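Asker: Top to bottom, those sequences are chains A and B. If you count the first sequence from 1, position 211 lands on 211 in our numbering, and the numbers rise without skipping. Whatever position you read off the second sequence (first residue = 1), add 1000 for our numbering.
No lab work stands behind these hints: they were computed from the structure. A quick note: this is a predicted structure, and the numbers were derived from the prediction, not measured. Don't take each hint at face value.
Here are a few chain B residues that face chain A, going by a calculated C-beta distance under 7 Å [said to hold, decoys possible]:
1) 1019
2) 1037
3) 1044
Note that the Cβ used here is the ideal one computed from N, Cα and C, for glycine as well.
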Amino acid sequence: MATGSYRIEADLNGRGSLLLRYAAPQAFFPIAGKMIPWFGALAIIFAVAGLYVGFFVAPTDAQQGESYRVIFIHVPAAWMSMFLYVIMAGWAALGLILNTRLSGMMASALAPTGAMFTFIALWTGALWGKPTWGTWWVWDARLTSELILLFLYFGFIALTNAIDDPRRADRAGALLAIVGVINIPIIYFSVQWWNTLHQGASVSLTRAPSMAATMLTGMMLMALAAWMYSIATALWRVRSIIVERERDAEWVQGRKGQE
Amino acid sequence: MNWGSLDNFLAMGGYGVYVWGSYAVTALCIAAELWLLAQRARRAERSR
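Pulled out of the complex, with its shape left as it was, chain B reads as follows:
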């Protein structure tokens, strides 16, 4: 798959909002979960 340009890649054939909306929210969820996990681990270590 050759997109030709970054603009084409970001446009996703007119479906950019849907495709990138999916990937962005997934990335956000993963980042949030990892952050919460790190916090919890730190809290658990500190409290003992």
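Okay, chain A solo, but in the shape it has when bound:
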């Protein structure tokens, strides 16, 4: 590896800024490893609490009966699908601007988890739509833009995998990710901008939530679990990416047999 051009990133003596110091893959690698079990444990704790509240505390919905309990997965998954895309595009943009190696790796590490949550949002939406709307799927604005989000994730993964040089792959993927960000406000506001079958937001920053407090608590706990899970999986994946990309570097060779 060309160590000279990464002097700032690799400056581990404490003289560089904190951000740049931990932006060096070899500095981030052990930190990520230490954080994974904590975020994993938090994900399990929040999920157990969320499922308990969701199934044993939250009451039956007056209109939808028990079918509404899909919400405890559906809404957190849909939120994560959008959050992770924005964070992915943010890392990608940071990589374009600062040319830091770790940024592109983080973007690549987030994409599969984002795609998974997008699929889960669509799947649980279909299973919730059937009993409440009478159909698995409609080509309305909310559902269609969420499907486009899934294709954006697939496109990003396919594009970055198709280019052999990782740094060129990062740049190409970054462009796609950044352009695709336009889809996020479209998803979010679709229920206001167009006449859709999908209901409006039950939770917003400006109004009191239009659902029972215990339902909301269960949903928020599951959303926290989804956050912790996403952080744990992204960190786990980025560790593999770091090793894959820098396997010839001295520091990777040096830790052979350790940990």
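Chain A is already provided as a structure; the job is to place chain B on it using the hints.
Answerer: Okay, now just chain B, sitting in the frame of chain A:
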């Protein structure tokens, strides 16, 4: 929320297929992702 019996809990008021279909596929996706992550980590460690 008191379900009374396991049968009632599994039936989900007649919506069991939809509710459990959602949770089962989500659990499957998570299991698959964790398995793939473990595989990738093992492959990365072995190849270096």
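Asker: For each hint, tell me whether it holds in the structure or not.
Answerer: Hint-by-hint comparison with the structure:
| no. | hint | verdict |
| --- | --- | --- |
| 1 | 1019 | holds (5 Å) |
| 2 | 1037 | holds (5 Å) |
| 3 | 1044 | holds (4 Å) |
Checked against the numbered hints given earlier, this structure breaks none of them.
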